[in-house]
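Undergrad: If you want the building blocks of each chain, they are given just below.
There are 2 protein chains.
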Amino acid sequence: MADPLKIGIAGLGTVGASTIRLLDRRANALAASCGRAITVTAVSARSRNRDRGIPLDRYRWFDDPVELARDPGIDVFVELIGGEDGPAREAVCTALDAGKPVVTANKALLARHGIDLARRAEKAGVALNFEAAVAGGVPIIKTLREALIGNNVNRVYGILNGTCNYILTKMEAEGLSFDACLKEAQRLGYAEADPTFDIGGFDTAHKLALLTSLAFGTQINADAIHVEGIERITTEDLQAADELGYRVKLLGVATRTETGVEQRVHPTMVPKSTTIAQVNGVTNAVAVDADAVPELTLVGPGAGGEATASAVVGDIADIARGQVLAPFGRRSIDLTALPPAAMQTHKGGYYVRLSVADRPGAAAGIATRMAERGISLESIVQKHRGGRVYGGDDPNKVAGSVPVVLITYATTESDIRQALDAMMADGYIIETPQVIRIERE
Amino acid sequence: MADPLKIGIAGLGTVGASTIRLLDRRANALAASCGRAITVTAVSARSRNRDRGIPLDRYRWFDDPVELARDPGIDVFVELIGGEDGPAREAVCTALDAGKPVVTANKALLARHGIDLARRAEKAGVALNFEAAVAGGVPIIKTLREALIGNNVNRVYGILNGTCNYILTKMEAEGLSFDACLKEAQRLGYAEADPTFDIGGFDTAHKLALLTSLAFGTQINADAIHVEGIERITTEDLQAADELGYRVKLLGVATRTETGVEQRVHPTMVPKSTTIAQVNGVTNAVAVDADAVPELTLVGPGAGGEATASAVVGDIADIARGQVLAPFGRRSIDLTALPPAAMQTHKGGYYVRLSVADRPGAAAGIATRMAERGISLESIVQKHRGGRVYGGDDPNKVAGSVPVVLITYATTESDIRQALDAMMADGYIIETPQVIRIERE
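Chains as they are written, first to last, in the working numbering: chain A, 1 to 441; chain B, 1 to 441.
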């Protein structure tokens with residue numbers, strides 16, 4: 001049997017500690033599968049004394065992850081520090097430039113510097129693996145990079161942030177407000193004290209940027225992603241969605257269009273019958289539409305120490321077997337520039353919730369503005385002023401207004417926005433309309 | 001760039017023709033990903049003249065697949081002939097013994113001779129890849145063999161036969177009988193003229209045998225699988241399941257138990273809220289419970305020329321990149337004997353539909369027999385003789401009997417069978433009870 005593969009791990013948070021535990025627990029199976037043992041030999045973290053539930057005296061200690069990255073005593077550098085710049089980036093560059101394969105869970109780093117890192121990996125002829133960076137324990141990177149290589153991908157989309165899905169699921173199931181559910185998520189440790197990165201859609205956008213590159217063979221362009229968070233979703237929206245046969249999920253979606261590649265992150269209505277609509281709580285799901293495999297959906301734990309560590313260990317095992325793949329599926333020089341499709345050209349159905357002025361002609365005026373733009377309506381729900389409005393008194397209800405929910409057939413973002421602007425100018429609608437895009441299988 | 005990888009394909013049915021098309025359509029992406037071109041150079045099939053919609057004059061022709069397998073002009077042998085013995089087996093053995101990697105979609109061959117073939121592949125130091133043999137375009141082999149290597153798997157289960165799932169879905173959705181739905185499946189080409197292999201559960205069993213080996217690192221033991229088909233499922237069962245919050249699916253299930261590994265194929269009640277319950281029509285799904293990744297579910301097309309060809313192409317690409325994995329995840333010498341767990345020791349909930357004699361004491365007698373075995377009931381549904389019995393007149397209803405549906409809490413197969421036998425002997429139940437096992441997430 002070949003010499004053991006010597007691993008250096010930088011970052012000993014939950015994922016780092018779990019990685020050490022999994023490598024230990026599965027040592028025999030890993031050796032049997034890879035033809036060589038895998039041994040952690042050195043680690044680095046900010047604090048040496050924190051109790052992580054694992055004995056660290058077996059490993060050489062480095063205060064500086066960059067020193068660990070260049071240490072000749074390790075064969076593979078595992079980066080679990082996080083952050084798009086700073087020590088994580090410096091350490092990864094150092095390891096790659098020193099000819100060491102790298103495994104990382106760092107989506108922010110990859111979304112920002114992935115192509116530069118891929119170039120360094122290729123130059124050194126080593127692997128840069130990052131299964132853990134997207135959807136935790138769900139093997140979507142391997143699926144896109146290897147299993148679906150015989151396919152042209154048309155669309156990849158998914159629930160990529162467990163915090164948002166937990167909040168939306170709880171809002172829907174219990175009729176609680178966004179704020180109440182966010183607080184509960186924070187209490188349970190599913191959301192950070194400053195939750196902006198998750199609930200604003202930015203975490204999803206980082207992951208989507210990586211999926212887009214792998215799915216379409218394009219360079220990473222995180223800045224081209226249209227990002228909306230879930231902060232404005234109300235229980236009224238969820239109840240209206242439910243009545244109309246939909247659920248609301250924060251999706252990251254990348255689609256090949258006539259003009260380029262559309263990348264967007266926003267709350268999305270999905271038909272209840274779809275696999276993705278059934279995904280609840282902190283669970284993640286990624287669906288791929290490809291030409292030979294029209295719909296493939298992977299559902300599983302998107303976070304958590306052990307699930308994420310499972311992805312890290314899978315990546316390490318691939319390296320132990322000698323696998324060296326181009327990080328984004330082809331040489332970085334072969335990745336095409338990503339021609340971003342403008343959000344205004346997005347085509348699809350729309351859910352629109354309006355506060356309509358309670359005066360004669362308003363309904364006709366709205367219908368006219370829709371018709372002018374060639375927008376057809378699949379359904380329209382108007383509740384009486386005094387009636388039950390989506391499960392109770394509507395806190396969003398404006399005095400002198402009537403809530404109206406419209407579902408449109410496919411139209412463009414540009415047309416729907418212009419129609420709504422015109423209604424606002426007409427004075428037929430009283431406050432900023434709620435607009436949620438619909439995604440179909 | 002390295003020399004092109006020369007492929008020989010034996011079997012030019014739907015999957016073979018689709019494989020040629022995909023390799024052609026994705027030639028550039030494959031070359032970019034694998035670092036070398038992939039070229040079909042020779043083919044073999046029974047009839048040279050059948051129109052397959054692809055020009056065959058570009059390839060050398062072999063009447064005999066065994067001749068193709070030993071031809072020095074090919075680097076990889078792709079077996080798409082089918083059948084557990086005969087030319088498929090002979091050709092695969094010939095190719096492996098000649099040091100050529102093999103890609104096959106042949107689950108019957110692998111379920112019967114997989115370990116022998118794995119030994120030959122290992123001896124020659126070449127790959128034996130078979131992603132297409134289980135769940136078509138769903139990359140469950142790669143997921144178990146590579147991505148989840150950091151996990152101890154506790155259970156793997158799934159909907160592995162599209163024909164059965166189509167029939168059950170249609171029976172449930174339209175309230176049609178098994179026979180009517182089978183005829184429709186045959187008309188649509190989803191079921192063979194002799195459908196026994198699919199509806200009897202044997203196709204599912206072949207696939208399960210492979211998943212078991214990969215999940216648990218055991219030798220293949222298809223003969224140890226408990227197999228029941230879907231022929232006895234009635235619309236009454238599906239409607240009762242629906243009322244009780246379940247759906248009925250034909251599942252293949254392999255579970256690690258205290259006494260060994262339980263492998264079973266049978267109609268199964270799954271809670272409606274699970275991902276697997278939402279899988280309709282010919283779609284396949286495989287779920288894996290592992291220690292680090294507690295629940296991972298892959299859903300996608302389990303059959304069809306292009307979806308299956310996608311798996312074949314993925315396997316070829318892995319070979320083009322130089323990957324050589326032990327076919328069942330570890331050297332065949334390291335695969336442990338599979339200690340089959342007897343079906344009688346199976347533990348789980350049960351759905352039982354009884355025709356209960358319409359006479360005093362019957363209900364008490366049944367309850368007593370259950371209690372004697374320590375079986376607790378989660379629910380019991382008895383409908384009046386004259387009443388509506390699960391959506392209409394029950395064709396299974398026996399004169400002088402009352403239909404009763406029971407759902408038990410977890411018990412053993414042995415206890416439930418003995419309780420039912422005792423009820424039969426007592427004369428409390430009139431015909432063979434319908435028993436469907438319940439599987440929970």
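One or more hints might be untrue.
Copies of the same chain look alike in the list, so a pair counts if it works inside one copy or between any two.
[Claimed, not checked] Think about it this way: if two alpha-carbon atoms lie no more than 20 Å apart in a straight line, the pair counts; the simulated DMTMM-like pairs of lysine to aspartate or glutamate are: (1) Lys272 x Glu172; (2) Lys272 x Asp194; (3) Lys272 x Asp57; (4) Lys347 x Glu184; (5) Lys347 x Asp97; (6) Lys272 x Glu192; (7) Lys347 x Glu378.
Worth flagging that the hints you see were computed from the coordinates, not collected in a lab.
Undergrad: Take the hints in turn and mark each one as holding or not.
TA: Outcome of the hint check:
no.: 1; hint: Lys272 x Glu172; verdict: both (13 Å within a copy, 18 Å between copies)
no.: 2; hint: Lys272 x Asp194; verdict: neither (31 Å within a copy, 36 Å between copies)
no.: 3; hint: Lys272 x Asp57; verdict: neither (52 Å within a copy, 49 Å between copies)
no.: 4; hint: Lys347 x Glu184; verdict: neither (36 Å within a copy, 36 Å between copies)
no.: 5; hint: Lys347 x Asp97; verdict: neither (44 Å within a copy, 55 Å between copies)
no.: 6; hint: Lys272 x Glu192; verdict: neither (29 Å within a copy, 33 Å between copies)
no.: 7; hint: Lys347 x Glu378; verdict: within (15 Å within a copy, 49 Å between copies)
This entry does not satisfy hints 2, 3, 4, 5, 6, going by the numbered hints stated previously.
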